[in-house]
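Asker: One letter stands for each residue in the lines below.
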Amino acid sequence: MPEMVKIDEEISGMEKRGYWKDIFVRGRGNSRSPRFLLVAEAENHIQGFIFGEIRAWEFGEPPCGWVFAIQIRPKMRLQGIGTHLFAALCDAFRHAGVTKVRTIMARDNHLVLSFFRSQGLMAGPFIELEMTFDENV
Amino acid sequence: MKLQKASSFALFAVLELAANRARQLSGVEIAEKYGISAHHLAKVLRDLGRAGIVDGARGVGGGYRLIANPKRLTLLDVIQVFEPVAAHAGATKSSKTATDAESALRMILDELDDHTVATFRSITISTMLKLMARKPWTRLARLSRSARTVVARA
Chain A
1 MPEMVKIDEE ISGMEKRGYW KDIFVRGRGN SRSPRFLLVA EAENHIQGFI FGEIRAWEFG
61 EPPCGWVFAI QIRPKMRLQG IGTHLFAALC DAFRHAGVTK VRTIMARDNH LVLSFFRSQG
121 LMAGPFIELE MTFDENV
Chain B
1 MKLQKASSFA LFAVLELAAN RARQLSGVEI AEKYGISAHH LAKVLRDLGR AGIVDGARGV
61 GGGYRLIANP KRLTLLDVIQ VFEPVAAHAG ATKSSKTATD AESALRMILD ELDDHTVATF
121 RSITISTMLK LMARKPWTRL ARLSRSARTV VARA
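Quick note, the sequences are listed as chains A and B, same order.
Residue numbering for the first sequence follows the numbering used here, beginning at 1 and increasing consecutively.
Residue numbering for the second sequence follows the numbering used here, beginning at 1 and increasing consecutively.
Because the hints were derived from the structure by calculation, they are not lab data.
Certain hints may be false.
Calculated from the model, a selection of chain A residues having no Cβ within reach of chain B, i.e. all distances over 12 Å [said to hold, decoys possible]:
(1) I11
(2) S12
(3) Q47
(4) I54
(5) G60
(6) A96
(7) V98
With a Cα cut of at most 25 Å, we get these calculated PhoX-like pairs of lysine-lysine [to be verified]:
(8) B:K135 to B:K71
(9) A:K16 to A:K6
(10) A:K75 to B:K71
(11) A:K100 to B:K135
(12) A:K100 to B:K130
Stretches of chain B that chain A covers, calculated by requiring three or more beta carbons in the stretch to come under 8 Å of a beta carbon on chain A [said to hold, decoys possible]:
(13) 108-118
(14) 128-136
From the three backbone atoms N, C-alpha and C, an ideal C-beta is built for every residue, glycine too.
Turn these sequences into a full structure, and let the hints guide you.
Answerer: Set out below in structure tokens:
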């Protein structure tokens with residue numbers, strides 16, 4: 001986990017040890033939402049990772065694979081690591097019996113948005129909505 | 001949403017050139033394949049040349065080739081040569097002069113523009129070529145046909 005926290009910090013500029021620890025703990029304890037963590041190693045270090053989970057009946061939809069994190073060290077990009085990780089995660093999802101993969105990300109995250117588009121993901125049936133409380137109370 | 005003719009022609013040309021990087025293609029060849037005006041396409045190709053996306057060579061054996069990197073060149077890069085994509089962005093009246101209805105409507109239109117820009121910016125020419133090779137619309141058409149059959153049987 002420490003290497004993944006470092007990769008995330010390198011990319012996001014924020015240290016989120018508590019968040020990742022929570023992800024690991026939850027991932028070990030809940031068999032109804034199988035989770036997959038795949039890592040890419042080189043030079044005895046983790047260079048990238050992908051996290052996915054099968055979520056059932058979220059938003060009323062049948063079980064489906066969700067990708068909720070993919071991070072590749074900037075110096076290791078453009079070598080196909082993300083593509084390999086994503087393909088391996090999709091294989092794991094297929095093996096677990098689901099036929100669809102989804103993700104969600106910031107609209108202005110051009111890099112990751114382009115990556116998922118290049119893997120063949122298209123707009124799904126959902127629209128994300130939000131509200132800031134203090135503007136509407 | 002609908003693209004202007006020039007934008008569509010430009011995308012056809014760029015996709016065609018990206019799919020045939022080993023050789024140069026003439027404007028006429030591209031126009032014939034898509035059944036579009038060769039005259040209009042020639043103007044579009046000149047604009048793409050000025051934008052640094054394609055390069056054209058005159059004379060026998062001449063033609064156009066893609067000089068931009070298809071893994072980096074996005075739909076937005078091409079379309080923006082011919083038309084503004086976020087039609088409403090930057091057009092906001094100052095909050096002092098706009099009515100509440102205008103401001104509320106502007107907010108919704110900006111929301112749509114943001115999605116449009118994000119979509120066009122996230123799709124590269126390489127991704128489009130992959131999409132064209134996969135042809136997901138044929139599967140969607142099959143699904144739609146079987147759904148109609150089920151409804152008809154019911």
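Asker: Taking the hints in turn, state whether each one holds.
Answerer: Here's how the hints hold up against the structure:
no., hint, result
1, I11, "holds (18 Å)"
2, S12, "holds (20 Å)"
3, Q47, "holds (21 Å)"
4, I54, "holds (23 Å)"
5, G60, "holds (19 Å)"
6, A96, "holds (22 Å)"
7, V98, "holds (17 Å)"
8, B:K135 to B:K71, "holds (19 Å)"
9, A:K16 to A:K6, "holds (9 Å)"
10, A:K75 to B:K71, "holds (18 Å)"
11, A:K100 to B:K135, "holds (17 Å)"
12, A:K100 to B:K130, "holds (19 Å)"
13, 108-118, "holds (count 3)"
14, 128-136, "holds (count 4)"
In summary, this structure violates none of the numbered hints.
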